Structures are given as C-alpha cells and as structure tokens.
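Trainee: Based on the provided sequences and hints, a complete structural model is requested.
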Amino acid sequence: MLIQCKVRRFNPTVDKKPYFSTYQVEAEPTDRVLDMLNTIKWELDGTLTYRRSCAHGVCGSDAMRINGRNRLACKVLVRDIGNKMTIEPMMGFTVLRDLVVDMEPFFEKYKAVKPYLINDNPAPVTERLQSPEELEAYDDTTKCILCAACTTACPPFWSNPDFVGPAALVNAHRFIFDSRDKAGAERADVISSREGVWRCRTVFNCTDACPRGIQVTNAMEEVKRKLLYDRA
Amino acid sequence: MYRGREGMWSWIFHRMSGIGVLLFLFIHIVDTALIGWGPEVYNAVTRIYHEWTIFRFLQFLLIAAVLYHSFNGVRILMIDFWPKGYQYQRQMFYGAMALTLLALLPTGYFLLGPVFGLQVR
Ligand code: HEM
Ligand code: SF4
Ligand code: FES
Numbered sequence: 000m001l002i003q004c005k006v007r008r009f010n011p012t013v014d015k016k017p018y019f020s021t022y023q024v025e026a027e028p029t030d031r032v033l034d035m036l037n038t039i040k041w042e043l044d045g046t047l048t049y050r051r052s053c054a055h056g057v058c059g060s061d062a063m064r065i066n067g068r069n070r071l072a073c074k075v076l077v078r079d080i081g082n083k084m085t086i087e088p089m090m091g092f093t094v095l096r097d098l099v100v101d102m103e104p105f106f107e108k109y110k111a112v113k114p115y116l117i118n119d120n121p122a123p124v125t126e127r128l129q130s131p132e133e134l135e136a137y138d139d140t141t142k143c144i145l146c147a148a149c150t151t152a153c154p155p156f157w158s159n160p161d162f163v164g165p166a167a168l169v170n171a172h173r174f175i176f177d178s179r180d181k182a183g184a185e186r187a188d189v190i191s192s193r194e195g196v197w198r199c200r201t202v203f204n205c206t207d208a209c210p211r212g213i214q215v216t217n218a219m220e221e222v223k224r225k226l227l228y229d230r231a
Numbered sequence: 000m001y002r003g004r005e006g007m008w009s010w011i012f013h014r015m016s017g018i019g020v021l022l023f024l025f026i027h028i029v030d031t032a033l034i035g036w037g038p039e040v041y042n043a044v045t046r047i048y049h050e051w052t053i054f055r056f057l058q059f060l061l062i063a064a065v066l067y068h069s070f071n072g073v074r075i076l077m078i079d080f081w082p083k084g085y086q087y088q089r090q091m092f093y094g095a096m097a098l099t100l101l102a103l104l105p106t107g108y109f110l111l112g113p114v115f116g117l118q119v120r
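Residue numbers (numbering that gives the first Met the number 0), protein chains in the order written: chain W, 0 to 231; chain P, 0 to 120.
To be clear, the hints were calculated from the coordinates, so they are not data collected in a lab. Predicted model, so just to flag it, every value in this text is computed and none were measured. Among these hints, one or two may not hold up.
[Unchecked claim] 30 Å max Cα-Cα, derived DSBU-like pairs, lysine-lysine: (1) K83/P / K113/W; (2) K181/W / K113/W; (3) K83/P / K74/W; (4) K142/W / K83/P; (5) K83/P / K181/W; (6) K83/P / K225/W; (7) K181/W / K223/W; (8) K223/W / K83/P.
[Stated by the list, open to error] Not the full set, but computed from the structure, chain W residues with beta-carbon under 7 Å of chain P: (9) G67; (10) R68; (11) R200; (12) T201; (13) V202; (14) F203; (15) N204; (16) D207; (17) T216; (18) N217.
[To be verified] Using C-beta positions, here's what the derived DEER-type ranges look like: (19) H55/W / F56/P: 52 to 58 Å; (20) W197/W / N42/P: 41 to 47 Å; (21) D138/W / S69/P: 33 to 39 Å; (22) Q86/P / A231/W: 22 to 28 Å; (23) Q86/P / S192/W: 24 to 30 Å; (24) N159/W / R4/P: 17 to 23 Å; (25) S69/P / Y228/W: 22 to 28 Å; (26) R4/P / H55/W: 24 to 30 Å; (27) Y108/P / F106/W: 54 to 60 Å.
We put the CB at the ideal spot given by N, CA and C, even for glycine.
Mentor: Structure, rendered in structure tokens:
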C-alpha cells in the first residue's frame, strides 16, 4: 500500500522552528511503522532522525506519537494506522532532532524513586522466597521497558515537567509491593511529595499508551491508596 | 495535539466544569452581596437571570456543569477507592454523561421552555 507519511522535523542547529516533511512510501500492510521509517531513511531521505534498537518492542527506544497517540513504531502495523500517517516526537521533552527527544530528565525521575530492591537484613541461607501470590501484587509493573510513552502522554506532566510521572511511579510500584523490599519510607518521601503520585488526575492516557499493556493508572491508584491507608 | 480517549475527555470536562462553577461562585457572592444595598438594587440585578435569554442559557450551562462535575466526581471516587473501578472507567464516563443528560431534561424544560414559547407553570 502507498502511504502518505507526514513527519515532524526539527534540527535545532539550522531550523528556527519545527516543520513537517511529507513522504510517499510504499509498504506492505503487515510492515511495522518502523519498517516504513527505515524505508524513508534508507531510500528517500537520509536526514530523517529517530531512535530504534531492538526493533522488537523490548528496548523502549522508539516511542513516538503516531496519529496523535504514543506508540512504539516497532510494535504497530502500518495497516492498523491507515494510509495517512502523521508521526511526531513525544510531548513534554526537549526535541534534540526530529523524533529524538532528550530522555535525561526522564531517567533522573526513574532514579529518584530508587528502582531497585533495598533490604539490608542479612541474606538468608537460601533465597528470599516470593510466593506466586506475593508476586501477583506487582507482576504487572515488572514489565516496564522505560519507553516513556506513558509519561509523555500525561497532561499533568505536560503542564508540569517536575511531576515524577507515570513511568517512575510504575517502577516504584514494582518495589513498593514487593514484600522483600524494606525501603517503603524512603521511597514515600519522593512519591508523596508535591511532585509525586498525587499529581495524577486519572486521565488514563498512560494506560492507553503503554506498549506492554501495563495498567499504569491502576498502579498509581494502588500507590495512592497504600500511602493513604498506611497513614490511617 | 494528543488524541486522548474517554479518560482525557472526562478530565477536560471535569476541569472545565469545576472552573466554570467556581467562576459562578464568585459572581454569586457579588450578586447576593447586593442585598446590602437594599431589595431594589438586589432585584434590579438578579432579575436579569430570568429575563435575559442569554442568562437562561448560561444558567442551563451552569447546571449542566454542576451535574456533570458531581456525576463524574463520583466516577473519580470509584476509580480512587474501588480497586476494580479502573476497569470500568470508560463505562462510568458514559454513565456520568447519560445521567447528566437525563437530569438536564427537566432543567431544559423549566429554564429554556419559555425561551422557545412553551407555557411553563
Ligand atoms: C457534588 C459536588 C462535587 C464533587 C463530588 C466534586 C468532585 C471532585 C473530584 C473528585 C475532584 C478531583 C478531580 C481529579 O482528581 O481529577 C474535583 C476537582 C475539582 N473540583 Fe469538584 N466536586 C464537587 C463540587 C465542586 C464545586 C462546587 C466546585 C467549584 C466551586 C468544584 C471545582 C473543582 C475544581 C476546580 C477541580 C479541579 C479540577 C482538576 O484538578 O482537574 N467542585 N472535584
Ligand atoms: S509503563 Fe509502559 S509506557 Fe510507561 S515507560 Fe513503562 S513500558 Fe513505557
Ligand atoms: S526499537 Fe526497541 S522497542 Fe522498538
């Protein structure tokens, strides 16, 4: 099928403001949007810039706005988008070039929630056992690939870049609900701060955007309820 | 522009209705305060709520905003406190919309009926 693809372009060293380039691309209906971008870059316009690495939905490099919604380019088929496509960078981060945004602030927030197991008790002789029932509480949030699709789909984040955002909270949830983890209080300092989970307005754009199907909004709601009930 | 779904619209309407109702609250503080200048002043101003057609439409909008804000407010509470609420957020949005429209029928009849020449008691 012939696709008319509009891509938002911006090269800060030469362009005063972003503009759109339109390409006519031939693609198979079962091609992924990433394949189509590759066709553009390799055959039509080598200056088009975007991130991709694994091409199989696991590295989280190629989240972008496809027809107005955050998606991984390597995980959506061209036929599911249609023959008119508009591709733009994720919202809320500085555009470095074309579809590439500055992810540093995103990873800063990720680090701020201490996304690792903290337990200073002496290690037991065997393992620190987790039963399937215990795993159930945070299984969903183990699946995050840090693509930032959720955070950059979030209206409270667009209007306040200091909000830690859904992705960091998903990764906090992963450890908050892990019975082996002992850093609940440390993490709560960040999570229940001014820029923490309470900024979430349950817009559900994050849940819709997540390529891993994580129930992002629900994870944040569970964190809110835990903060509330622990205090009570 | 981001193409959000029901959740985003529900939030946009919730904020618009919340701010709209708050705005009316300020106006309402001023109009009730007019009683301090006596019943003539108060009546002279507040009658425009009934007599000016545009104000009837604005009142209709105000009531629509209050109704939507309360019904969707309950939806938000369900998402916040009922662990399964998030699974039904979309249905609850349509529910809030339906209840709002339903409750607006009598409002429309009494408030806007006369504008369209209906004999309303
Ligand atoms: C039936 C009474 C009401 C209920 C059940 C209700 C419910 C709520 C809830 C649950 C929220 C939180 C929204 C969120 O977390 O996203 C909210 C926000 C808000 N409410 Fe109300 N509310 C009521 C009356 C009012 C009134 C009378 C006003 C104005 C004077 C108002 C103005 C607002 C505003 C400005 C917001 C902020 C919106 C936002 O953050 O997006 N509400 N309301
Ligand atoms: S929660 Fe989903 S959308 Fe958000 S960063 Fe992780 S994988 Fe991406
Ligand atoms: S390229 Fe790795 S997730 Fe798409």
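Trainee: Determine for every hint whether it applies to the structure shown.
Mentor: Quick rundown of the hints versus the structure:
no. : hint                        : in the structure
1   : K83/P / K113/W              : 28 Å, holds
2   : K181/W / K113/W             : 12 Å, holds
3   : K83/P / K74/W               : 28 Å, holds
4   : K142/W / K83/P              : 21 Å, holds
5   : K83/P / K181/W              : 27 Å, holds
6   : K83/P / K225/W              : 15 Å, holds
7   : K181/W / K223/W             : 18 Å, holds
8   : K223/W / K83/P              : 14 Å, holds
9   : G67                         : 3 Å, holds
10  : R68                         : 5 Å, holds
11  : R200                        : 6 Å, holds
12  : T201                        : 5 Å, holds
13  : V202                        : 5 Å, holds
14  : F203                        : 3 Å, holds
15  : N204                        : 5 Å, holds
16  : D207                        : 6 Å, holds
17  : T216                        : 6 Å, holds
18  : N217                        : 4 Å, holds
19  : H55/W / F56/P: 52 to 58 Å   : 55 Å, holds
20  : W197/W / N42/P: 41 to 47 Å  : 45 Å, holds
21  : D138/W / S69/P: 33 to 39 Å  : 36 Å, holds
22  : Q86/P / A231/W: 22 to 28 Å  : 25 Å, holds
23  : Q86/P / S192/W: 24 to 30 Å  : 29 Å, holds
24  : N159/W / R4/P: 17 to 23 Å   : 22 Å, holds
25  : S69/P / Y228/W: 22 to 28 Å  : 26 Å, holds
26  : R4/P / H55/W: 24 to 30 Å    : 27 Å, holds
27  : Y108/P / F106/W: 54 to 60 Å : 57 Å, holds
Of the numbered hints stated above, none is contradicted by the structure.
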